[in-house]
Amino acid sequence: MSLMLTLFLILSPLLPEEKERVRLEELNLKVGTLPHGKFNAITDVAGVKVGHYTLIKGDDIRTGVTAIIPHSGNLYQEKVPAAIYVFNAYGKLAGYTQVEELGNIETPIILTNTLAVGTASTALVRYTLAQEGNENV
23 MSLMLTLFLI LSPLLPEEKE RVRLEELNLK VGTLPHGKFN AITDVAGVKV GHYTLIKGDD
83 IRTGVTAIIP HSGNLYQEKV PAAIYVFNAY GKLAGYTQVE ELGNIETPII LTNTLAVGTA
143 STALVRYTLA QEGNENV
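Counting from 23, one number per residue, gives the positions in the sequence shown under the working numbering.
One or more hints might be untrue.
Said to hold, decoys possible - Quick list of in silico lysine-lysine cross-link-like pairs, DSSO-like style, CA-CA up to 30 Å:
| # | residue 1 | residue 2 |
| --- | --- | --- |
| 1 | Lys79 | Lys60 |
| 2 | Lys41 | Lys60 |
| 3 | Lys101 | Lys60 |
| 4 | Lys114 | Lys101 |
| 5 | Lys71 | Lys60 |
| 6 | Lys41 | Lys52 |
| 7 | Lys79 | Lys41 |
| 8 | Lys79 | Lys101 |
| 9 | Lys52 | Lys79 |
| 10 | Lys101 | Lys71 |
Calculated from the structure, these hints are not laboratory results.
Since the model is a prediction, treat every value here as computed from it, not as a measurement.
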């Protein structure tokens, strides 16, 4: 093991440096038919709010959560049309059946790791019930 580490430390300066990421535009690849916004990001869409938190602990813990709020109103009262595309289906997906059957969402969208899906669902219920107009939900 120590021989492998020594070889790695000696040879690593000889490895090619990581290249800068290439954007699809630079490769003349276009996704969709609509033009992208100024930053080519979800936050370019007026009214959409995005929050993110990353947790880093030590050398081996890297996790986080992203929340997307489609508009500033009451999502339960003013539902948003939605669809889901599953790429590899590994992990947990809460709310899939509702979107497939009704074609809308009524809460913010939460992206997180598999083990935090339960916590995220609980947070969404609390958030939704705390919104003005949802007292009798």
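Consistency of the hints with the structure:
1. Lys79 <-> Lys60: violated (34 Å)
2. Lys41 <-> Lys60: Measuring from Cα to Cα gives roughly 24 Å; hence the hint holds.
3. Lys101 <-> Lys60: holds (27 Å)
4. Lys114 <-> Lys101: Answer holds: lysine 114 to lysine 101 is near 23 Å, not above 30 Å.
5. Lys71 <-> Lys60: Judged against 30 Å, a Cα distance of about 16 Å means the pair holds.
6. Lys41 <-> Lys52: At roughly 22 Å apart (the allowed maximum being 30 Å), lysine 52 and lysine 41 satisfy the hint.
7. Lys79 <-> Lys41: Roughly 27 Å between the alpha carbons, so the hint for lysine 79 and lysine 41 holds.
8. Lys79 <-> Lys101: Given pair lysine 79, lysine 101 is violated - Cα atoms ~37 Å apart, limit 30 Å.
9. Lys52 <-> Lys79: Measuring from Cα to Cα gives roughly 38 Å; hence the hint is violated.
10. Lys101 <-> Lys71: Between lysine 101 and lysine 71 the Cα gap is close to 16 Å, so the pair holds against 30 Å.
In the structure shown, a violation is registered for the earlier hints numbered 1, 8 and 9, in ascending order.
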